[in-house]
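Enquirer: Sequence:
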Amino acid sequence: ERLSQVGLDGQKLLQGATVAIIGVGALGCTSAEWLCRAGVGKLILIDRDVVNESNLQRQCLFSESDVARRLPKAVAAAERLHAINSACVIETHCVDLAAHNIDAICQGADVLVDGCDNFFTRYLLNDFSVKNKIDYVYAGAVGTYGMVALLQPSRACLRCVFPEPPPVDQTPTCASAGVLGPAIGVVGSLASTLAIQSICKADLPQQFVHIELWPFAAQSINASVNDACECCSKNNFEWLSGQRTTANVTSNCDNTEVHFAGSGTIDLMQLGERFKGGLDELKYSTLCLQFKHDDCEIFIFSDRSIHVYGCGSIERAKSIVSDTVGL
182 ERLSQVGLDG QKLLQGATVA IIGVGALGCT SAEWLCRAGV GKLILIDRDV
232 VNESNLQRQC LFSESDVARR LPKAVAAAER LHAINSACVI ETHCVDLAAH
282 NIDAICQGAD VLVDGCDNFF TRYLLNDFSV KNKIDYVYAG AVGTYGMVAL
332 LQPSRACLRC VFPEPPPVDQ TPTCASAGVL GPAIGVVGSL ASTLAIQSIC
382 KADLPQQFVH IELWPFAAQS INASVNDACE CCSKNNFEWL SGQRTTANVT
432 SNCDNTEVHF AGSGTIDLMQ LGERFKGGLD ELKYSTLCLQ FKHDDCEIFI
482 FSDRSIHVYG CGSIERAKSI VSDTVGL
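In my numbering, the protein residues as written are 182 to 508.
Hints listed in this document are in silico derivations from the structure and should not be mistaken for laboratory results. Only true hints are included.
With a Cα cut of at most 25 Å, we get these calculated PhoX-like pairs of lysine-lysine:
(1) K223 x K314
(2) K223 x K312
(3) K415 x K312
(4) K193 x K314
I would like the entire structure built from these sequences, with the hints used as guidance.
Expert: Structural data, given as structure tokens:
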């Protein structure tokens, strides 16, 4: 009530709002906690992965007991959030969000909050946001920097600014570049603030905010509608329609093969140089790049095929690839 920007009317709007958080990792945990504490009426938590020990350095809703119980991240986060605010309704989906299920899961949300670890899911969210006229909070962080933006219907969408996802061999990830824990906290807090502002119907400029924590610097980048945008100008929803997908996945015994859509090849030498120092037992040549991650063996080939051994499930294989390669 004392905060004039929100006030009693804003509190009522928050209480009646539904927010879908896609990805309950580092960013998703931070955003979910702040939104739960702010009094948002319903949270939809979506994540395909389980809690493991390497998450505890930066994913603030999880504990060692969650690791021991092998809890799905969405379920573990829901337990913690219920303890924080029992009045908040929390719906969990332990699935890989894709074109075939996004409508059933996210329809009815007032805001979509990005906690993703890959660009393909972000472009799917952008399609869904534009088509269904739902606000989308874009957020990402790696190393010591991050970026956030509130993308709203009738204004610039993600593809107006970034028409295509970045190439696989040029995409830093937390596994390859590391991430400063407080950077996650700052970016996640900014993302939850944008979600609150969206719910409270604040009048905001259309911009992307880039923040660097070491050394500190912040920059706002104005965004405008691109009349040639395939998504918001031409209503060509390539990811939502299934024309473009993240990957084709097959599983045979303990080997899961992930083949990423797209043309061309992956520059394994460039990818290997970027991964140096960030991955265990890294070896690479022009033909194959291999490393270990969370007791799994990963082999990447230049034709965009990735083989994951010892992961236990297709969902886990896709999570490992997202964590390391960024898809």
